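Enquirer: In terms of numbering that gives the first Met the number 0, the sequence shown has 13 at position 14, counting the first letter as 1, and numbering is strictly consecutive.
Mixed in with the good hints, there may be bad ones.
Below, a list of computed lysine to aspartate or glutamate pairs in the DMTMM-like style, where the Cα atoms sit at most 25 Å apart [unchecked claim]: (1) K97 x E55; (2) K103 x E87; (3) K119 x E39; (4) K72 x E87; (5) K72 x E48; (6) K69 x E102; (7) K65 x D52; (8) K119 x E87; (9) K72 x E106; (10) K69 x E98; (11) K72 x E124; (12) K103 x D116; (13) K105 x E87; (14) K91 x D76; (15) K105 x E117; (16) K29 x E39; (17) K91 x E124; (18) K72 x E98; (19) K91 x E117; (20) K72 x E118; (21) K97 x D116.
Please keep in mind that the hints were generated in silico from the structure rather than gathered at the bench.
Remember, it's a predicted structure, so these values are computed and weren't measured experimentally.
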Amino acid sequence: MMIKQTIMKTALFSLVLGGSALPVFADNHKAIQWQQLPMETREILAPMENRWDTLEPRRQHILIRKAQSKEFKNRADRWNQLTPEQRERIVKARQRFKEMPPEKRKELRKRWENMTDEEKRKVRERRLDKPQRDDRQTQGKDKLRDNKKQK
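Turn these sequences into a full structure, and let the hints guide you.
Expert: Right, here's the structure in full:
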């Protein structure tokens with residue numbers, strides 16, 4: 000009987016203690032103004048500047064922590080070196096990927112994971128240099144229109 004009481008008291012104490020500790024783990028991040036960020040962090044997160052104030056404070060803090068990692072900085076630098084057309088193609092490709100059926104996405108991920116680093120590098124270069132289907136169709140229509148104007 001004494002053991003049951005001790006167990007019950009311990010369980011009750013744990014619940015009370017756990018309940019009081021919840022606010023500590025709650026999302027208590029405060030929003031950070033863009034201008035309050037260090038210059039280096041602003042440079043890395045520059046693509047986020049226009050929508051920074053709309054992000055949840057928790058997301059802002061996550062991005063700030065990520066911006067301090069070398070890999071994130073390298074990716075941001077590569078993104079900043081892309082032309083607007085290349086960036087647009089990447090955004091469109093990501094959107095098409097999101098719209099694919101889950102089985103197709105899984106298949107593509109598996110193919111990507113099985114590629115060597117060299118194969119991945121070649122695919123990335125080819126994707127950046129080659130206009131996407133939408134771009135080619137637009138370019139084709141532009142050429143037809145130009146040809147008609149010349150005649």
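Enquirer: All the hints need checking, so say for each whether the structure fits it.
Expert: We went through each hint and held it up to the structure:
no.	hint	in the structure
1	K97 x E55	holds (23 Å)
2	K103 x E87	holds (23 Å)
3	K119 x E39	violated (30 Å)
4	K72 x E87	holds (20 Å)
5	K72 x E48	holds (16 Å)
6	K69 x E102	violated (33 Å)
7	K65 x D52	holds (18 Å)
8	K119 x E87	holds (20 Å)
9	K72 x E106	violated (29 Å)
10	K69 x E98	violated (31 Å)
11	K72 x E124	holds (20 Å)
12	K103 x D116	holds (22 Å)
13	K105 x E87	holds (24 Å)
14	K91 x D76	holds (20 Å)
15	K105 x E117	holds (21 Å)
16	K29 x E39	holds (21 Å)
17	K91 x E124	holds (16 Å)
18	K72 x E98	violated (28 Å)
19	K91 x E117	holds (24 Å)
20	K72 x E118	holds (23 Å)
21	K97 x D116	holds (24 Å)
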